[in-house]
Amino acid sequence: MLIRLTLLLIATLFIVNCHLSAVSRSNEVANSFARVKITTATGDSVPLPLGNALTIVNLFDEFSTGCPTGNRFEAMERLHSLRPAASILLIFSEKHFSTQDIENFKAILPMSESLVKGDIEAVRPHLTSGKLLVVLDSRGNVIWHEEPGMNEQQVLNEISNLLQTTSN
Amino acid sequence: MNAILSITLIYRLVLALQVISSIPEGQIRLSPVYLSSQPKDARLKLAGPAAIVVGRSGNVYVFDDGNSRIVKLDPRGKFIAEFGQADSGPGAVRPGGLNDSIAVDQDENVYVSEPGAPRVSIFGSDGRFLRSFRLPFPSTSIAVNRKREIFLTPDTARPTELIYVFSDTGKFLRRFGERLIKSPGSLARNINIAVAACDANDNLFVAFRSWPLIRKYSPEGELISENQFTIPSELIPDSQRKNYSLDFFAKYPDSAFIPPLITHSISINGSGTGYLLLNAHSIVVFAPSGKVSKQFHFRAPRDRANLFIRVATSLNAKAPIYFLDTHSGEIYATANL
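Read top to bottom, the protein sequences are chains A and B.
Numbering follows this note's numbering, with no gaps: position 15 of the first sequence is -2.
Throughout, this note's numbering is defined as the position within the second sequence, counted from one, plus 3.
Just chain B, with the same shape it has in the complex (with noise of 0.2 Å):
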């Protein structure tokens, strides 16, 4: 018993032992799909896009923050339709900031978290709103399995799990995982949040934005793996080093150092390859396992003008990867990273 203990906390340690390092370059063919700047009429151009997502049918949805609104695109980039506007009725999204807002279940239903007065809201493909239900926390991310159960990663400074699970009729169902940091306090309620993502088996990807970690939980909430990646140099300044640790967070839960965001969104394909992008240049790959199969950065078609917050591609296997700008409103594609 003893000795497994001890094997739990030399992992835990090994993984409390952040790795900052430089990593390399890499090159993807980005394409543009959708470009905000050239349509001439005003109902098409994205205004601080939050979240996108892929359904199986390679429809991309956006949440348009600036414009409090779903934006429907085909596969291409081909304005479909919107929804969920300000004069939409009980249906109206509200902007909430830069969270990584949207879902679509196999059906292509859509699933918004809108932080603001935390709710959940569900549309029809079509966009026609189904329903919605109240939250007791804005959420950071939203994730939606086979079982079209809704896994949501709460932003609060409580000591709270992880994970909460909702059906999609809005009753809550279980919650999960462990934070990084246990304590409340603003300094952990940061170091706490996280993205999430299902694939293909309603296993559930967890990546922090603060902190270089991916969890697999099994679709009951079991921690199945924990994997580490490396944080990009730039995004740690060598004063801070010797504080960037979890040992130093749990001392000091609220204090009010900001810690940089790393991870910026994750998403996985029909294979089980996951994406997380990172500080906007960044990727890292890994395996349906959790285990990182690669990192580096990548050039933007506007040689790094771009600011892109969102990596978004489907279950569907043959669907590219996205990357949503949320400056420019640009949405790109590649075949694969």
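Extracted from the complex, chain A is given alone in its bound form (with noise of 0.2 Å):
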């Protein structure tokens, strides 16, 4: 008997625990997201532009087509030919990624009016492979963000759900 307690205790500790840093996770993207600036042509920094309903950012960290941050390009744009309404974002790393990276990028790629360049630091400690996706309300709070090893139908199918409750 003792032991079915002391195992029922620690189960009941371990789905607390998981849930608390689940929790926990959330919030620091949440707070360190506030701090996620948008570099315009002029160098300033300005927050993110938000949408009336919901706008999805992407922070990349890295990118290419030949790899996973080029799988998230690709979710991407599968979201916004099936919700053209949606605000998407995209944002490129100024660590990383120059004026003249980002022009070239909006020659050659699609989405080319949703490709910025920023600082994206604050949030470096939260990116998976390079990348983290967020999807903020009209107030620029953090509603859902992706969590690490999900894949990216997952991530497709949460973001469409989403997007299907808010327009209801």
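Derived by calculation from the structure, the hints in this document are not laboratory data.
The structure presented is a predicted model; accordingly, all values stated were derived computationally and were not measured.
Glycine is no exception: its CB is placed at the ideal position from the N, C-alpha and C atoms.
Just to be clear, a hint being listed does not mean it is correct.
[Claimed, not checked] Listed next, with one range per pair, are the computed distances between beta-carbon atoms: (1) A:126 to B:186: 33 to 39 Å; (2) B:186 to A:82: 32 to 38 Å; (3) B:224 to A:51: 30 to 36 Å; (4) A:123 to B:224: 52 to 58 Å; (5) A:24 to B:226: 55 to 61 Å; (6) A:18 to B:242: 55 to 61 Å; (7) B:177 to A:134: 34 to 40 Å; (8) B:302 to A:65: 55 to 61 Å; (9) A:51 to B:242: 31 to 37 Å; (10) A:78 to B:60: 35 to 41 Å.
[To be verified] Capping the alpha-carbon separation at 27 Å, the derived lysine-lysine pairs in DSSO-like fashion look like this: (11) B:150 to B:294; (12) B:321 to B:150; (13) B:43 to B:81; (14) B:174 to A:114; (15) B:185 to A:89; (16) B:81 to B:321; (17) A:114 to A:89; (18) B:150 to A:89; (19) B:185 to B:245; (20) A:89 to B:174; (21) A:89 to A:78; (22) A:20 to B:174; (23) A:78 to B:174.
Starting from two chains that each stand alone, build the complex the way the hints lay out.
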């Protein structure tokens, strides 16, 4: 009986701990994300432009169409084609991408109006494989963010559901 | 109009019918230029060198992938310098696999395309890092013309053009060239991988990694000619031959089939004669027009133990033709082919 109670206590503590750490991570992402800024063509740092409803933001510290960041870009393209009204912002780290690089990307890649450069250093600890996707509400609050280990299909499904729920 | 279309279609059909056949043995005299196993100083040993280019002065630059650096040799193979090492700050080159990723301009500035976190880094001939810019895709080959325009062949499953051109300051200028398979997909990606080289008149020659075709483009990107060579029969097993066609590849662009690597690299000399290195031990020689003049197997110095992955010569008409062996780090040269 004592063994059973001990096991139950351990399991409960584990579940509570997992929940608390998930909440804690969410809070950390939200707090860090508040410090992300985009860089304008004149070099000024300004807050993120927000859509009327949700804004989907992906941060890229690295980018290549031949690696997981390219898969993310394709996922964003799919979201864009499925939900053209959704606000999408793809922010490339100003530490690794110059203004010229972003101009080139705009000329070469689709969704050129969504590509911007920005200061993403505050969120660096939360990047997974050089990227992080978050969804903001119209006031800039983080209402969803990707978790480490999520694949592109999961990301697509969760955001599609979120957009669906919001539009209803 | 219809007649022109019909002729074009027939021409395309003829090109689509691959030629797979045995090719003759030829004799070339390869002399050792740089043997990595000989020097005792570890700094002088190459480790999995991925690419080689020859400047007008005759100096040879090697992308030493395993050591993440560029090695500069004199025409006789004497070690002159190394640069781009891991501890060299923003100019550190990152290892990126066996891409044909180094080029020089007429002043012997060195251009390195790094596929890992795709970018182009530019160095002076003395190894001084000048600048770099990012690419949205990895590139399988890099070439530079007299105007210092940089030509890159993307390695991507996205439906793109064949060639992307940037200025030496990193500004995207233009793109051109039809991919062999236009649909997106992994097989389409493999089939469209290409290597490129500029001639002395800034024409661009492009050869495909897994399809026997040489294209010649004008400096502005207009297609001037397409010429086919023979796929050495040992590269395509009998069971695959019936499906080895552009029609089949176009029908199944996302197939898991990995086509054999036929063309390793391309280089052009000062007279406009071009060389393709195929499957490590075959050479295609083509005229300035792009027309194939000869094709043959050659015997490696160590009786085929060498694995040559690159051929390189320079726009200086007197330059020899170099062969790079990635396994042993050996470089050999021959006066002509």
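Now the hints, each set against the structure:
1. A:126 to B:186: 33 to 39 Å: Because 37 Å falls inside the window, the suggested range holds.
2. B:186 to A:82: 32 to 38 Å: Once the Cβ atoms are compared, 34 Å apart, the range 32 to 38 Å for residue 82 (chain A) and residue 186 (chain B) holds.
3. B:224 to A:51: 30 to 36 Å: holds (32 Å)
4. A:123 to B:224: 52 to 58 Å: violated (45 Å)
5. A:24 to B:226: 55 to 61 Å: Since the Cβ atoms of residue 24 (chain A) and residue 226 (chain B) sit about 37 Å apart, the hinted range of 55 to 61 Å is violated.
6. A:18 to B:242: 55 to 61 Å: holds (59 Å)
7. B:177 to A:134: 34 to 40 Å: holds (36 Å)
8. B:302 to A:65: 55 to 61 Å: Holds - the Cβ-Cβ distance for residue 302 (chain B) and residue 65 (chain A), about 58 Å, lies within 55 to 61 Å.
9. A:51 to B:242: 31 to 37 Å: Taking Cβ atoms as reference, residue 51 (chain A) and residue 242 (chain B) lie about 34 Å apart, which means the hint holds.
10. A:78 to B:60: 35 to 41 Å: holds (37 Å)
11. B:150 to B:294: Distance of about 26 Å is within 27 Å: holds.
12. B:321 to B:150: Holds. Residue 321 (chain B) to residue 150 (chain B) sits at ~23 Å (cutoff 27 Å).
13. B:43 to B:81: Answer holds: residue 43 (chain B) to residue 81 (chain B) is near 14 Å, not above 27 Å.
14. B:174 to A:114: holds (25 Å)
15. B:185 to A:89: holds (22 Å)
16. B:81 to B:321: Between residue 81 (chain B) and residue 321 (chain B) the Cα gap is close to 19 Å, so the pair holds against 27 Å.
17. A:114 to A:89: holds (19 Å)
18. B:150 to A:89: Judged against 27 Å, a Cα distance of about 24 Å means the pair holds.
19. B:185 to B:245: Within the cut-off at roughly 21 Å; holds.
20. A:89 to B:174: holds (12 Å)
21. A:89 to A:78: holds (18 Å)
22. A:20 to B:174: Within the cut-off at roughly 25 Å; holds.
23. A:78 to B:174: holds (19 Å)
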